[in-house]
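**Q** All chains, full assembly: derive it from the sequences and hints.
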Amino acid sequence: MADSDGEYAELSDDEVPSRSAGAAAGSSSRNSKFGKVNSRRSRNDARKAAWEDVKRSWEDVVETADGSITVAELLEAEKRRRLMRDTTPLQRGIIRHLMLVIDMSFAMTDKDLLPNRYTLTLNYAVDFVREYYEQNPISQLGIIGMRDGVAVRISDMSGNPADHIEKLRKWNTDREPSGNPSLQNALEMCRGALFHAPTHGTREVLIIYGALLSSDPGDIHDTLTALIKDRIRVSIIGLSAQVAICAELCSKTNAGDESTYAIALHEQHFKELLLAATTPPVTLKSADPRDDPANQASLLMMGFPSRKLEPEGIVTACACHNKESREGYSCTRCFAKVCRLPTECPVCGLTLILSTHLARSYHHLFPLKNWVEVSWEEAEKAGSVACLACQAPFPPLSVRAARGKGKGKGTATGVIPASETRGVSESGRYACQVCGNHFCIDCDVFCHEVVHNCPGCLSDTRPRQGDQQEVDGDRMEGLETQVVKAMGATGLGGDTVVRDTVGMDIDTRREPDDILGH
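Read in order, the letters of the sequence shown are residues 1 to 518 in the UniProt record's numbering.
If you are wondering where the hints come from, they were derived from the structure by calculation, not from laboratory data. Backbone N, C-alpha and C fix where the C-beta goes; we use that ideal spot for every residue, glycine too. There's no promise every hint is true.
Stated by the list, open to error - Between beta-carbon pairs, the in silico distance windows are:
hint, residue 1, residue 2, range
1, MET301, LEU213, 24 to 30 angstroms
2, ILE314, THR173, 34 to 40 angstroms
3, ASN116, ILE314, 45 to 51 angstroms
4, CYS334, SER259, 41 to 47 angstroms
5, PRO198, GLN268, 34 to 40 angstroms
6, CYS339, GLY192, 46 to 52 angstroms
What the hints assert, rightly or not - Dumping the calculated DSS-like pairs for lysine-lysine here, alpha-carbon to alpha-carbon at most 27 angstroms:
hint, residue 1, residue 2
7, LYS111, LYS167
8, LYS252, LYS167
9, LYS167, LYS323
10, LYS323, LYS308
11, LYS170, LYS111
12, LYS308, LYS170
13, LYS323, LYS170
14, LYS308, LYS271
15, LYS271, LYS369
16, LYS381, LYS369
17, LYS111, LYS308
18, LYS252, LYS271
**A** So, in structure tokens, the structure goes:
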């Protein structure tokens with residue numbers, strides 16, 4: 001056993017040197033073998049298992065001023081991690097046409113994601129639908145399932161999130177996953193659904209794939225060639241191991257971008273990957289922009305209807321669901337009644353939206369810049385004592401001097417130094433790079449994920465000369481629109497034609513400053 005793999009090494013009786021051999025030879029042989037054993041043991045000691053290494057984390061706890069243990073810094077680090085993203089203004093297609101494909105095969109019965117893959121995926125899909133229409137109010141969405149070797153249509157392409165959520169919940173309660181998935185059948189059905197999508201909008205397919213195989217009736221590479229020709233971009237979130245054909249689909253349909261294919265590590269990572277798809281993709285340009293119809297300017301006819309309330313005792317049926325109600329919106333072209341906005345008029349096909357929908361889509365083109373951490377020196381120089389937005393008090397400057405005087409061996413202030421946690425401010429303050437005002441972490445998250453505007457900049461606290469011109473120039477650079485007022489019904493908002501040259505549309509009844517204020 002002297003030549004074992006290092007797990008156990010000791011001399012056996014058969015390895016004892018013969019008496020005829022010299023004592024010096026036996027001693028040297030024995031010493032050499034014991035030397036090998038000791039070297040192996042020293043190497044094994046260096047490679048300890050995770051459970052063998054005690055890190056004594058209880059000595060590094062963080063205490064508040066009253067001596068209690070807090071986890072606020074860990075939560076703050078997680079919030080800042082979500083916010084640290086690239087805020088470079090890029091051309092994006094804000095009018096999106098997305099097909100969500102969900103794997104409903106036998107592979108979704110696994111319980112590595114609790115309670116199981118199928119239930120968790122459908123629950124996350126409901127959250128995705130809500131967030132998708134919140135971030136892209138003038139976009140369209142359709143849902144397809146893969147089961148029993150075929151593709152099944154769950155909901156048609158529409159702009160109403162209530163219809164998609166109702167269908168997803170019905171499938172969650174009435175159907176169980178079965179059979180094998182078929183990528184080719186699902187992609188062909190997506191091609192058919194996106195065939196009539198206009199060229200000024202994006203054509204996207206998002207697949208949630210849990211299996212390691214695909215039961216296809218033909219050559220999927222032919223479908224891949226057709227997807228590239230139709231300018232359809234495919235993104236895949238895998239729940240198992242990486243699959244070669246999935247990586248090839250994402251890479252070739254996204255101009256070599258391999259980041260569109262990712263594998264979920266756990267439940268939280270799965271949700272982050274899914275919600276990250278709510279951000280519009282960057283517009284890709286061909287070698288000759290004149291040959292790409294997506295880069296050419298197009299005139300979009302849109303209507304901005306007003307809300308209408310019938311007198312008491314009078315109800316009318318809507319043209320979209322044939323349901324009776326007192327309130328609704330009248331199409332500016334044919335006066336048909338619809339329930340919700342945004343939508344397409346079921347009678348004349350005119351796109352009906354509100355001005356706030358366009359305003360909410362604007363932040364994708366010019367995202368709010370990340371706020372920077374404020375050191376104790378900068379906080380002392382500025383003299384900020386409370387958050388500008390919510391007026392929550394900041395940690396006082398005296399806390400800095402009290403650091404290191406707690407009862408335990410950890411930090412006695414409840415504030416982790418900036419060098420220990422990336423992106424977390426040691427003073428609990430975060431400053432806007434434009435106006436210079438200080439905010440708390442909760443307002444930082446709220447402004448970047450919900451409002452998409454800085455309260456300090458909107459409240460006219462920023463300088464008027466240099467910085468104001470720089471901000472206006474950065475946000476309006478490249479924005480070229482040609483607006484034509486079409487003849488519409490008076491008093492109902494009128495139709496508006498917008499020429500789209502940078503991947504966005506603007507409500508022509510408002511000034512750009514009004515749009516920024518939403």
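**Q** Next step is simple, just say for each hint if it's right about the structure.
**A** Results of checking the hints against the structure:
no.: 1; hint: MET301 with LEU213: 24 to 30 angstroms; verdict: violated (46 angstroms)
no.: 2; hint: ILE314 with THR173: 34 to 40 angstroms; verdict: holds (38 angstroms)
no.: 3; hint: ASN116 with ILE314: 45 to 51 angstroms; verdict: holds (50 angstroms)
no.: 4; hint: CYS334 with SER259: 41 to 47 angstroms; verdict: holds (44 angstroms)
no.: 5; hint: PRO198 with GLN268: 34 to 40 angstroms; verdict: holds (36 angstroms)
no.: 6; hint: CYS339 with GLY192: 46 to 52 angstroms; verdict: violated (28 angstroms)
no.: 7; hint: LYS111 with LYS167; verdict: holds (24 angstroms)
no.: 8; hint: LYS252 with LYS167; verdict: violated (32 angstroms)
no.: 9; hint: LYS167 with LYS323; verdict: holds (19 angstroms)
no.: 10; hint: LYS323 with LYS308; verdict: holds (15 angstroms)
no.: 11; hint: LYS170 with LYS111; verdict: holds (21 angstroms)
no.: 12; hint: LYS308 with LYS170; verdict: violated (32 angstroms)
no.: 13; hint: LYS323 with LYS170; verdict: holds (21 angstroms)
no.: 14; hint: LYS308 with LYS271; verdict: violated (39 angstroms)
no.: 15; hint: LYS271 with LYS369; verdict: holds (24 angstroms)
no.: 16; hint: LYS381 with LYS369; verdict: holds (23 angstroms)
no.: 17; hint: LYS111 with LYS308; verdict: violated (50 angstroms)
no.: 18; hint: LYS252 with LYS271; verdict: holds (25 angstroms)
Taken one by one, the earlier hints fail for this structure at numbers 1, 6, 8, 12, 14, 17, listed in ascending order.
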